[in-house]
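Enquirer: What follows is each chain in one-letter form.
Protein chains: 2
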Amino acid sequence: MCLDRPQGGIKMLKNPEDRRARRSRKLLKESLLALMKEKSFSEISVRDVAEGADMNRGTFYLHYSGTTELLQSLEAELLEELQALVDAHMQETVDDGTVRPVLEPVLDFVVEHREICSTLFASSEATGFIQALQQLIRRNGTYLVDTWFHPQDESATDYLLSFLTWGAIGLLKEWFSQDMALPREELTAAAQRMVDGAASSLFSQGRPA
Amino acid sequence: MCLDRPQGGIKMLKNPEDRRARRSRKLLKESLLALMKEKSFSEISVRDVAEGADMNRGTFYLHYSGTTELLQSLEAELLEELQALVDAHMQETVDDGTVRPVLEPVLDFVVEHREICSTLFASSEATGFIQALQQLIRRNGTYLVDTWFHPQDESATDYLLSFLTWGAIGLLKEWFSQDMALPREELTAAAQRMVDGAASSLFSQGRPA
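Heads up: the protein sequence lines correspond to chains A and B, in order.
Counting along the first sequence from 1, when you hit position 156 you're at 1412 in the working numbering, and nothing is skipped either side.
Counting along the second sequence from 1, when you hit position 165 you're at 1421 in the working numbering, and nothing is skipped either side.
In case anyone wonders, no lab produced these hints; they're calculated from the structure.
All C-beta atoms, glycine included, are put in the ideal place defined by N, C-alpha and C.
Relax, there's no trap hidden among the hints.
One-sided excerpt, in silico: chain A residues whose CB lies under 7 Å from chain B:
no., residue
1, Asp1414
2, Tyr1415
3, Gly1426
4, Ala1454
5, Ser1456
6, Ser1457
I would like the entire structure built from these sequences, with the hints used as guidance.
Expert: Structure below.
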């Protein structure tokens, strides 16, 4: 897909052409994010993004077909990293019986990428991102709910998962709107209590010990 | 704001000019909704909407400055009716101690306006509507949470409300995606259990009897 994806394995990664292309794409992403803080995505032109990265439009089009592809590429990259992080902590989370082992590194990741995350959360054009994030939470949450609560009622489980995953988006929105002032340990503990409370109450049974 | 808002009280409502104008606006809204089922809002022109309502573009512009104002007017109308419905059932809800007295008429309203609601919920351009709906739920939910749970911790309450209100949006999304197959009584009961469970668990205290 990328015009300059390395073709020859590790050695090619050191190719100066390739490194230059990766640097260009990084600069274009940073330029887009900086512009999204000032105006809405639909008002941003390829020329704006290219200028912000000290490039001409021709160079932009070597990498992306337009601003939409650039935004989607940025979102996809973030979601991929997030899923990798979740994968790395999934087993520990299952064993621990709480969301802490996965939620704390995820919140660290969000803090580390706070600029990108808060821009994407605030932008109405990036609703595709919030939907995709909700689906990521749901995919992984489904596995946890199945493992922890052994629900018998499939329809109730669908509603629970929709409630919990959109609720989690709500928690993140609140956290951003309060400039992430709440320590991540407290946010994690609050999330755990609400997830436990809602699930136990819906299934009218306690959690297996 | 409306060019043809009645100026002379009740009597003017029977003015044939005025009734014609209201009928035109209704037809334009229906035309927009029909088009939104076929294509995305940004692809819909004033000409499309006018043609769908058997009018010319000039007549459209007597009522709205463009498709965006028409969509916003439609959303605002729906939210106003919804708030009036909530107001009418608020005291009963406070007294009852459950969300049933307000949620059941709201779900009836949603079923009655299922076409508008599912179109607005599915359209990514109508995200303003979902945000506004979430804010409506939050305004009213804040009052109920204060009255029912007497929370001491303001920050925890903010997070609870964000969790619950986005969770409620999630429940509605799930309901639409399952073609409202779940009886509204069961959806109401499930919502009540999850709200109770999450709130009680977060505040680590039972509900006042």
